[in-house]
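**Student:** Protein chains in written order, with the working numbering: chain F, 1 to 174; chain V, 175 to 241.
No wet-lab data here; the hints were simulated from the structure.
Idealized CB from N, CA, C, for every residue including glycine.
Some hints here could point you the wrong way.
As the list claims (entries may be wrong) - Which chain F residues face chain V? A few, computed with CB under 10 Å, are given here:
1) D6
2) I12
3) R18
4) K103
5) L104
6) K131
7) I135
8) T138
9) D139
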Amino acid sequence: MLAVGDSTRLEIIFSTRRYKGQISKRPKIKTNEGPPDKFVQISSMVTQRPDSTYPIIIEPYKLDLSQFGEKVVKEKKFTIKNVSDQNLKVSLVSMPDGLFDFKLPKTIKPGKKSEGELKLIKEAYGDTFEKSVTIEVTDAKEEATRFTIPVKRTIHVAKASPDTTVNSKGKGSQ
Amino acid sequence: MKRLTFISCMVIVFLWGAVCAYAAPRLTVPESVFDFGYVPQNSTISHVFWLYSTGDDTLKIINVVPG
């Protein structure tokens, strides 16, 4: 229910699975407004070879902040290689709110690599998620190409097993 | 004087009824299309769209059907 003047967010989650090439999805939003129904549309170019894209190659092309143990995995670095013959401007298009900060280089010269960084914010140390960040590179002719980097975080903390406990005198049970 | 007050009240009630009869919910999605660009296979990605109630009656979102 949305009162007059209110707003809400609708998160569309897309699993690329074994799709290939240009894929579009058009979820329908049914409301009491009546027909015609409204739509949102997402489109993507699902690639089997994310290690050989153009005009940039992102390495790693997926960011995994998964944590095995108590030590918090707070950040991940990645590189963006400009494989074109033009200077590229890099900009952030979309990222989730309240989970991490994202640093990108402003420009990358032809043939050069630059580093980016994703830093989990303190409030999200206990969170698990599967989200993504979309960036855009623009060449000298103002031609823009987008890339989406999946970002995942799971937490695996081993629980102490009763079998491994030792009694206070340092002797095992008999 | 009483008659004038009565007529005024009737007019107000009539106008209010007319407004209610034409009140309609309206959904506005300012950015309804999003391009992810290149995406690796076997990954999960997401994007948030903002939905606004811009009509003059409460908007009920019944469901979202995957397309």
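**Student:** None of the hints should be skipped; say for each whether it holds.
**Tutor:** Results for each hint:
For F/D6, the interface hint holds, the least distance from its beta-carbon to any beta-carbon of chain V being 5 Å, beneath 10 Å. Checking F/I12 against chain V: minimum C-beta separation of about 6 Å stays under 10 Å; hint holds. Contact between F/R18 and chain V, as hinted, is supported at the beta carbon level, the nearest pair being about 6 Å apart and thus within 10 Å. Among the interface hints, the one on F/K103 is violated; its C-beta lies about 20 Å from the nearest C-beta in chain V, farther than the 10 Å criterion.
Annotation: interface hint on F/L104 violated; nearest CB of chain V at approximately 15 Å, more than 10 Å. For F/K131, the shortest C-beta to C-beta distance to chain V is roughly 5 Å, which falls under 10 Å, so the interface hint holds. Among the interface hints, the one on F/I135 holds; its C-beta lies about 8 Å from the nearest C-beta in chain V, closer than the 10 Å criterion. The criterion of a C-beta within 10 Å of any C-beta in chain V is not met by F/T138, whose closest approach is roughly 12 Å, and the hint is violated.
With a cut of 10 Å, the hint placing F/D139 at the interface with chain V is violated, because the nearest CB-to-CB distance is about 14 Å.
In this structure, the earlier hints numbered 4, 5, 8, 9 are contradicted, and the remaining ones agree with it.
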